[in-house]
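Protein chains in written order, with my numbering: chain A, 1 to 263; chain B, 1001 to 1327; chain C, 2001 to 2382.
Treat the hints with caution; some may be incorrect.
What the hints assert, rightly or not - Dumping the calculated DSBU-like pairs for lysine-lysine here, alpha-carbon to alpha-carbon at most 35 Å:
id	chain 1	residue 1	chain 2	residue 2
1	B	Lys1300	A	Lys260
2	A	Lys197	C	Lys2201
3	C	Lys2345	B	Lys1300
4	A	Lys191	C	Lys2201
5	A	Lys226	C	Lys2019
6	A	Lys260	C	Lys2019
7	C	Lys2273	A	Lys197
8	C	Lys2273	B	Lys1300
9	B	Lys1300	C	Lys2112
10	A	Lys197	C	Lys2019
11	C	Lys2107	A	Lys32
12	A	Lys191	C	Lys2045
13	C	Lys2138	B	Lys1300
14	A	Lys226	B	Lys1300
15	C	Lys2019	A	Lys32
16	A	Lys260	C	Lys2112
17	A	Lys197	C	Lys2112
18	A	Lys197	C	Lys2107
19	C	Lys2019	A	Lys191
20	C	Lys2201	A	Lys32
21	B	Lys1300	A	Lys197
22	C	Lys2273	A	Lys191
23	A	Lys226	C	Lys2273
24	C	Lys2019	C	Lys2045
25	C	Lys2107	B	Lys1300
26	A	Lys32	C	Lys2345
Stated by the list, open to error - Quick partial rundown of chain B residues pointing at chain A, CB under 8 Å, derived from the structure:
id	residue
27	Pro1044
28	Glu1045
29	Ala1115
What the hints assert, rightly or not - Far from chain B, by Cβ distances over 12 Å, these chain A residues were calculated:
id	residue
30	Met1
31	Asp82
32	Ala91
33	Pro111
34	Tyr241
Derived by calculation from the structure, the hints in this document are not laboratory data. Only a predicted model underlies this, so the values are computations on that prediction, with no experimental measurement involved. Using N, Cα and C, we set each Cβ at its ideal position, and we do this for glycine too.
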Amino acid sequence: MEIAVCVKPVPDPETRLRPGPDQRTLDVEGVKFVLAGYDESAVEQALLLRDQLPGSTVRALAYGPAPRTPEVLRSCLALGCDSVTHLEASAPVDDPMAVAAALAHVLASRPADLVLVGKQALDDEEGLVAPALGALLERPSFSSVTDLRWNPERSRFTFQRSTDTEIERWEAPVPLVIGLQQAWNDPRTAKLPNILKARRQPIDTVPAATIEAAVAGRNGRSLPLKFELPAPRAGARMIDYSTPAEAAERLVRLLREEAKVFP
Amino acid sequence: MTPGLVVIGELRDGRPTEASREAAGVAYQLAAGAPVTGLLFGSPEDSLTSSWARDGISEVCFLPPPTDAARQAGALIPGVLSVLSERSAELVLLPSTTFGRELAGGLAARWDAGAATGVTAIHRGAAGWEVRRPVFGGRATETRSLSGPRAVVALRPRAFPAPEPRDLPGASTQRSMPEVGAVAKGPTLVGTEPVLTGEGPALGDATIVVAGGRGVRSADQFHLIEELAAALDAAVGASRAVTDAGWRPTSLQVGQTGRTVTPQLYIAVGISGAIQHIVGMIGSRVIVAINSDASAPIFKVADYGIVGDLFQIVPALLAEIRRVRGR
Amino acid sequence: MVDFSLTPDQESLRELARKFARSEMAPHAAEVDRNGRFPEEIYRKAWELGLMNLNVPAEYGGTGLGLFDQCLIVEELAYACAGMTTSIIANCLALEPIILGATPEQKDRWLKPFCADYHLASFCLTEPSGGSDAAALKTRARRSGDEYILTGEKCFITNAPHAALFTVFATLDPALRHKGITAFVVPRESAGLLPGREEEKMGHRASATSTVRFEEVRVPATDRLGAEGEGFALAMRTLDQTRTPIGAMATGISQAALDLAARYALQRTTFGKPIAEHQAIQAKLATMAQQLTASRLLTWLAAWTIDRGARGTLESSIAKCFSSDAALRVADEAIQTFGGYGYMKEYPVEKLLRDAKLTQIYEGANEIQRIVTARELLKRYA
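In isolation and in its complexed conformation, chain A is listed as follows (with noise of 0.2 Å):
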C-alpha cells in the first residue's frame, strides 16, 4: 500500500507569539518550525501501518519556503518515512486552500492509496485541508478520524470519526483521505542514529514555479491581515479565606457579581 503524508512546518509549540514587523503575521525571526500536533499523530499513524502492511511505503509532503518545509521533511526521515517530497514555495504559504491545491496537483501524478493529513495544523487551525484534498483527488475524505486500523479480511480501513455528538464507527476501502485526530500511540521520537542518518537522505523536489503554475487558475484567496495577540491576562486574582466553606462563598460571589457567568 502506497501511504502519503501530508505535513505542515508550524512554530514550535513553545515558541512566544508576537506580530511581525507587518502585523500581517506572527514573526518567525528566530522561530523554529517543526513537526508538532496532529501531524506528528499523521506520521505516526502512517509508520505504524506500514509495520502491520508488508510492502508498503509511507512518503511524506509538504509544501513551504526553506528552510524550514525541508527541515521538517527531515524529521520525517528520521522517523522513519521512505521517502519525502517537498513541493517548493518562494514564499510562506497562508493559505490552506492553495496548500490542497498543491497538495492534490502532486497527488494526482503519483496517486497513493491512503492520503493521511493531520486533521487540522497547530497554527492556524483550518482543518481545510484534508477535505479539499478529498474533493479536489475525487474520494472520500473523513476528519477527526481515531482508531484508523486496516481490516485484512475485508480489505477496508475501520475507523472512528467524532462528531460533536457521536462517535461514528466507518469501513471504507482505498482510495481515501483520512485527516487524523489520533494515531494509537503517541508520536515516536526519532532515535539519534537516525536523525543524522536523514540528514544524508535525499530530497524530492517539485519546483515552486512547477507549483505555482498548478495552482494559478484558483480565484478564491485567503490572506492574512492582521495577527494579534490578546490582552494579557493579569494573572488570577487569588481568594483568601480561612476555610474552604469561606471560600467557596467569595468565589461563588465572584462569579455571580463580578465575571457574571454563574448561572
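Given the coordinates of chain A, work out where chains B and C should sit on it, guided by the hints.
Okay, now just chains B and C, sitting in the frame of chain A:
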C-alpha cells in the same frame, strides 16, 4: 442583483442546532434586507424550521440525503453546488463543527472559493470578506481577507449571540432539491455511539466546563469533578494525565491532543496547566483554577484562583452552589 | 576562521536531547530527587534514542559522536536533571578505557553485545583511602596462571548497583606506584564482585552510587586492557576525554538556574515592581549570565581542541574546574533571587545547588584540576 447569501445548517432532533441559528442571525445582518437562503440536509416533513425562519432565513431548501450520506460531507457537495449556482451565491455561512468544517473544505475546493473556519467575527472589507479567528489555540487572533468572487466561512459555535426572534414572515418556501450528487461508493457507516461526556451537556457545546487533572489522584475520586459539573449543569473535562491514566475516557480530554473548548466558564480542578492543556481551554471567557500548588502555571491564565486542597474546596463549593441555586 | 555556529547535524542532536530532557526527564526530576529513586525506565528510553554510549563508535553499536557533540547533549540533559545525566553518561566513562585501550577482538566481544541492548557499566578507580591520588590505589591484582585475582574495594562508583560491566583499575604491586596499575574488564556475574549498599547522597539522587568489593575475583588474562602497568596512563587518557562533559553538565545546571531566576525575577514583585527592576537583582542576573557564557565557551573550546586530535589537558581542566565552580555560584545566586522560596524544597532551585556541588568533586576534584592546569601551564614556560 443582490449577492446570494446561503446558510448551511445542521439538524438535531429535527430542529436547526444552536450554531445553525447563530449562523442564520449573522447572515441576516450581513444581507441587510436581501433574502437569505437556508440549506438543510433532510426532509421538510421531519423538520421544524420555523425558528430558523424567525432567525432570518427567508427560504429553506432541503437536500434529501441518501442513507448515511449526510455524514459524508464530500458526497453532499454536488447538491450544494447546484443550489449555490441557482442562487448566484457569493457567501456560504455554516457552523464550524466537525461536519461544517469538513463541508467547508470540500465545498471551497470545488467551488473555487476562499475559506476560513472557526470564525468569530465577519464583515465586508475593502477587498472581500474580512474574518477574525483565534489561532494557536486561542493564544492569538488573526484577521484574514477572503478575496475572490466566492467565500465559505465556518462560524465558531457560541461566538455569536443567539439571534433575537424577529417578526419575519417566515420561510416563503420549503422545497426539496431533486438533484443530489452521486454518493461516493465504498465508505459505509457501521454504527454510532453517543460521545461519552457523562450526564451533562456535550463538551463542545457546554456553557460551563468543569475539568479535573492529576490532582484528583484516582479514578475513584474523579466523581467529585462530576458532582461539581452536575451541580452547574456543566460538561466534564479532563487533562491528559487523567485520560492517560485511564481514569476517564479520552473523549473527555481537553487540550492539544484532545478537544478545544471555549465555554463561558471553565473550572480547572487539580490541573497544573501544562501548555498542552492551556491551548485547549484558553479561549474560555472566565477561567477558575483550584490547585494546591501556588506556583502552578494554571494560575497565570486563570481569572480567579484558589490555592488549597481540592478535596476540601470542591465539597465546600458544591455545598455553596447547591445553597445558592436552591437545590 | 572562528565560527560559533552549530552544523545542522549538531542542531538536530541538540534538539533531540532537549526534547528528551524536557519531556522525559524534567517532569520526574523532583520526584526522583525526593525519593532517591533510580529511574531505570528513563535511562532505558535514553538508550533507545541513542543518548547513551555516545562515545562508542557506531560500528560497535554506539552513537560514535565527537566530544563537542557529546557536550551539546550533556548540557541539555543536565538542564533537566544532573543526577539522571550522571547515570546516563556513566557508560561513556566506563567504556572509554575499552575504546582507547582494548584490542579489536576485545572491542567486538565487549562493546557490541553491550550496546545492542540496554546495559549500564561502571568505572572503578576511586578507593576509600583516596580518589585524587590514583597512583596510590590499593586494590590488588595477583597473577595466577592464565588469570588475575582481584582483591580490594572501590567506592563512590556510579551505577554500580545496576551495572553489568565494570572497568577496574588495580595494582600489581603498590610499591610500583603508577607503573603497577593495570586495567581489567569484569562482568557483574563474576564470583566475588560485590556492589555495596546504595549511598544516600546530597545531590544527584537519581543516580545510584555504591562501593564495589572485590573478594578474590578471578579475571581471565584475556580480559586485561592493554599491557600490565599501562592502567594508569589509560585512566588518565580516559579522564582527559570525560572531564570536558562535566563542564557541559555544569553549564546545563547554570543555564537552568539562570532561566529559573530570570523568570522568577520578572514575575515576583516587591516595593511595587518586579524584582527584575531592582538593580541588586539585575547585577545578580548579569553575573550569572557572565559565568554561564564563559562556562559554555570554555567547554566548547576544550571539546573542539580534543576533537581536533590534541590531548587538550589544559583546556579540559580549565573548562571542568571553571564551569563547576561557576555552577555552584550561579545556583547559589538563583536561590538568593528566590529568597525564602528558593530555600524550600517545593521550588526547583535548591536542587541545582546540591547537584552543582558534585561537579566540583567528581572526575577529578577541582583542587586536582588546578594542579593539572598549573602543571600544563608551567610546561609552556619551562
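The hints, checked one at a time:
no.: 1; hint: Lys1300(B) x Lys260(A); verdict: 21 Å, holds
no.: 2; hint: Lys197(A) x Lys2201(C); verdict: 40 Å, violated
no.: 3; hint: Lys2345(C) x Lys1300(B); verdict: 22 Å, holds
no.: 4; hint: Lys191(A) x Lys2201(C); verdict: 32 Å, holds
no.: 5; hint: Lys226(A) x Lys2019(C); verdict: 32 Å, holds
no.: 6; hint: Lys260(A) x Lys2019(C); verdict: 42 Å, violated
no.: 7; hint: Lys2273(C) x Lys197(A); verdict: 51 Å, violated
no.: 8; hint: Lys2273(C) x Lys1300(B); verdict: 17 Å, holds
no.: 9; hint: Lys1300(B) x Lys2112(C); verdict: 50 Å, violated
no.: 10; hint: Lys197(A) x Lys2019(C); verdict: 19 Å, holds
no.: 11; hint: Lys2107(C) x Lys32(A); verdict: 40 Å, violated
no.: 12; hint: Lys191(A) x Lys2045(C); verdict: 10 Å, holds
no.: 13; hint: Lys2138(C) x Lys1300(B); verdict: 58 Å, violated
no.: 14; hint: Lys226(A) x Lys1300(B); verdict: 26 Å, holds
no.: 15; hint: Lys2019(C) x Lys32(A); verdict: 13 Å, holds
no.: 16; hint: Lys260(A) x Lys2112(C); verdict: 67 Å, violated
no.: 17; hint: Lys197(A) x Lys2112(C); verdict: 20 Å, holds
no.: 18; hint: Lys197(A) x Lys2107(C); verdict: 24 Å, holds
no.: 19; hint: Lys2019(C) x Lys191(A); verdict: 12 Å, holds
no.: 20; hint: Lys2201(C) x Lys32(A); verdict: 39 Å, violated
no.: 21; hint: Lys1300(B) x Lys197(A); verdict: 42 Å, violated
no.: 22; hint: Lys2273(C) x Lys191(A); verdict: 46 Å, violated
no.: 23; hint: Lys226(A) x Lys2273(C); verdict: 32 Å, holds
no.: 24; hint: Lys2019(C) x Lys2045(C); verdict: 12 Å, holds
no.: 25; hint: Lys2107(C) x Lys1300(B); verdict: 54 Å, violated
no.: 26; hint: Lys32(A) x Lys2345(C); verdict: 34 Å, holds
no.: 27; hint: Pro1044; verdict: 23 Å, violated
no.: 28; hint: Glu1045; verdict: 23 Å, violated
no.: 29; hint: Ala1115; verdict: 6 Å, holds
no.: 30; hint: Met1; verdict: 16 Å, holds
no.: 31; hint: Asp82; verdict: 26 Å, holds
no.: 32; hint: Ala91; verdict: 16 Å, holds
no.: 33; hint: Pro111; verdict: 15 Å, holds
no.: 34; hint: Tyr241; verdict: 7 Å, violated
Going through the hint list in order, the structure does not satisfy hints 2, 6, 7, 9, 11, 13, 16, 20, 21, 22, 25, 27, 28 and 34.
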